[in-house]
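Protein sequence lines, in the order shown, are assigned to chains W and Z.
Quick note, in the numbering used here, the first sequence goes up one by one and the last residue is 977.
Quick note, in the numbering used here, the second sequence goes up one by one and the last residue is 268.
Bear in mind the hints are in silico, worked out from the structure with no lab data behind them.
Since this is a predicted model, take the numbers as computed values, not measurements.
Watch out, some of these pointers could steer you wrong.
[Stated by the list, open to error] Covered by chain Z, per the in silico footprint, the following chain W stretches (three or more residues, Cβ under 8 Å): (1) 760 to 769; (2) 839 to 850; (3) 854 to 863; (4) 925 to 936; (5) 939 to 947.
Even glycine gets a Cβ: it sits at the ideal position worked out from N, Cα and C.
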Amino acid sequence: MRIADKREPTEYEACMSTRALSLTHTTIGKKMVMAISGLVLFGFVIGHMLGNLQIFLGPDAINGYSHTLHSTPILLWGARSTLLVAIVAHAVTAIGLVRLNRAARPVAYVSKKDVATDYAAKTMFLSGITIALYVVYHLAHLTYGVTKGLGYQHLPVDKNNWPDVYHNVVHSFQVPWCTAVYVLAQLALSMHLYHGAWSLFQSLGLNHERYNETIRSSAVAVAMAVCVGFLAVPIAVFFGVVK
Amino acid sequence: MKFKLNVWRQANEKSAGGFEKYDIDGITNDHSFLEMLDVLNEKLIVTGKEPVVFDHDCREGICGSCSLVVNGHVHGPQEAATTCQLHMRKFTDGEEITVEPWRAGAFPVIRDLAVDRSAFDRIIQAGGYVSVRTGAAPDANSILVGKDVADRAMDAAACIGCGACVAACPNASAMLFTAAKVRHLNLLPQGQPEKDKRTIRMVTQMDAEGFGACTNHLECEAACPKSISTDFIGELNRDLASAMLRARADRSFTGG
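Whole structure, please, built from the sequences with the hints as guidance.
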């Protein structure tokens, strides 16, 4: 008589040991990665915006803020590594999902009309790429200062020997194309944030019919606030409020 | 009424399809869209041509057989209705009407406007059921279900599995269908014993069929003839996350 040394897995066990047991192997799990990494980046954007607004407090405030960040490696590299992980997760997952979604409809419609979706939702990939390209340029420009010779003056440090964020920003926004690129990137960012902000509640299953309207209108408000917060700086430079 | 029809014709899954133009006359206000296609087909048969193949069954909006993207609208321009419930009075006399099949890799064209929606059947087979004791009928009301829960489950169960959600989704995602079917049973006490297994299996099957991912365009809800809410998609996401967490905990307990 054969004695089974290992019993057959039950149907439940077989199901529970599938490859998809890892949440991130499912399309839903991938959307959750998008939502959580997006939320981290969203938090960064808000922090960055608040940091920028210190320009209205004068050179010492914003340059001092930059100095504090740079002289606290745990803060700087803690934030940078968290962001790097979030960006890689967000970008890699997005590319995977876009490929999957495009493959899911091999033959396109000729006449299909959109009924419910909006411009922000349809251009998430495009706005995402715009933001990514802008971030590369932005880092090259202000963090590493390697874009000298593109028409604006770059000052490494101020009188306190702190990074001269204030004057670099002011000088940059006095260059029209630089301001134009910035405004364009902010518009892409706000649209991206608007769709991302309400969409992440849905992806994480935190939606409820009682709160959906509030979530949607809050997403508009937050995206607008971020847009206004970031655009306040070039506007102030343009009108000479900050010089 | 007269119409200029632009109908997708395709001999089979493998062959390349294309639009054919047909002029149709003698249609009245009372013709349904499918009856108008019947008139066209009668004309085609009489002239010795192949009739246009399209899916239909009950023609009263409850079976989920009919499909068609009419002038770019899934199930036609009428809200919360299937194509069979669409009448020609919704169109203006002499209008040009374009008719396309559902477009999704997971719904291959069988012929002309008919697509193979067996992918949905396989999702249901993966977990869209409850195991019950057979034998004598149970006493009525032996399992108590709250009115709010029953209503909510009914809202999800209203899904007729037509595939309009997939057809309307820019990503050809089957999330609304799967969410409705999963939540319908997950909400009810009868669905509790198999809740996690059902959620994981149906989502896994949905992915295996090659549908896209949900990117919250909400086109599905707008196209759904039963107006099934995308809230169910969020609930499915929640159910999947908690099912996965419990399954993990389970595996670490049993060392599996």
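Comparing the hints with the structure gives:
1. Counting residues of the region 760 to 769 of chain W whose CB lies closer than 8 Å to any CB of chain Z gives 7, so the stated coverage by that chain holds, three being the minimum.
2. Note: the region 839 to 850 of chain W has 12 residues with beta-carbon separation from chain Z under 8 Å; the three-residue rule is met and the coverage holds.
3. Counting residues of the region 854 to 863 of chain W whose CB lies closer than 8 Å to any CB of chain Z gives 3, so the stated coverage by that chain holds, three being the minimum.
4. Evaluation of the coverage hint for the region 925 to 936 of chain W: fulfilled, as 5 residues show C-beta separations to chain Z shorter than 8 Å, against a requirement of three.
5. Taking a C-beta to C-beta cut-off of 8 Å, the region 939 to 947 of chain W contributes 6 residues in contact with chain Z, enough for the three needed, and the coverage statement holds.
Hint compliance for this structure: every hint is met.
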